[in-house]
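**Q** Sequence:
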Amino acid sequence: MNQTLWRWTRIIHWTLGAYILTALTFFAATGFMLNHSAWFDSEPAETQWEAKLPDDLTLPELSDDPNAPTPALSPGLTAWLAGRSPYPLATYTLKAEPPQLILETRAPGSEATITIDSETRSVEYSGRKNGIISLLNNLHKGRHAPHIWHLFMDSLAILTVLVAASGLALLAYYRKQRSSTWLWTTTGISIPLIIIFLSIHY
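First residue of the sequence shown: 1, per UniProt numbering; consecutive thereafter.
It cannot be assumed that every hint is accurate.
With a cut-off of at most 27 Å between alpha-carbon atoms, the simulated DSS-like pairs for lysine-lysine come out as follows [said to hold, decoys possible]:
#	residue 1	residue 2
1	Lys129	Lys95
2	Lys129	Lys141
3	Lys52	Lys95
4	Lys129	Lys52
These are calculated hints, taken from the structure and not from any lab test.
Input sequences plus hints: build the corresponding full structure.
**A** Encoded structure:
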């Protein structure tokens with residue numbers, strides 16, 4: 001390979017490595033917390049309230065047909081609920097279980113449910129926040145995370161592979177000056193493989 005290619009390999013390695021450093025630290029720390037979840041347990045914060053819908057708000061008609069489309073909420077009802085929910089109403093999913101309308105939302109560290117009884121016009125809200133550790137751990141797993149977070153995780157995985165590949169290429173390039181590096185590289189590959197072969201039965 002010519003010097004220009006090696007120069008670009010070095011640039012790719014250190015620039016991408018610097019870019020993903022913080023994210024890799026995050027995933028390493030949350031991976032440790034997931035492995036020792038009992039150490040970081042916390043009591044969830046729960047919120048509940050009940051209310052009555054004003055008479056001027058229109059409820060959609062509910063059908064007993066399981067194949068019926070999900071009804072839409074009127075603008076007035078949407079605004080009324082949005083003013084009382086701590087989460088954007090657009091994040092909720094709506095389903096009909098006559099005589100109830102149920103709105104549910106789930107985020108990496110929290111969840112909430114709004115239940116509307118179309119017969120009594122009563123509204124019940126139940127919310128739960130599981131704490132910052134739960135939020136971080138669920139982001140690590142991508143659980144209930146938005147689509148853009150999954151795209152970030154995919155891009156981070158690709159960039160990490162590029163950093164590792166460029167690092168391996170640089171190791172090969174500087175093999176004469178830094179021969180001891182191969183010992184550490186081989187050790188880093190061997191240890192997890194030995195653990196897998198000796199302790200995991202597939």
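**Q** Starting from Lys129, check that the Cα of Lys141 is at most 27 Å away, please.
**A** 17 Å, holds
**Q** Is the hinted pair Lys52 and Lys95 satisfied, with a Cα-Cα distance of at most 27 Å?
**A** At roughly 20 Å apart (the allowed maximum being 27 Å), Lys95 and Lys52 satisfy the hint.
**Q** Taking only the CA atoms, is the gap from Lys129 to Lys52 under or equal to 27 Å?
**A** Distance of about 24 Å is within 27 Å: holds.
**Q** Given the hinted pair Lys129 and Lys95, is their alpha-carbon gap at most 27 Å?
**A** 22 Å, holds
The structure is consistent with each of the numbered hints, conforming to all of them.
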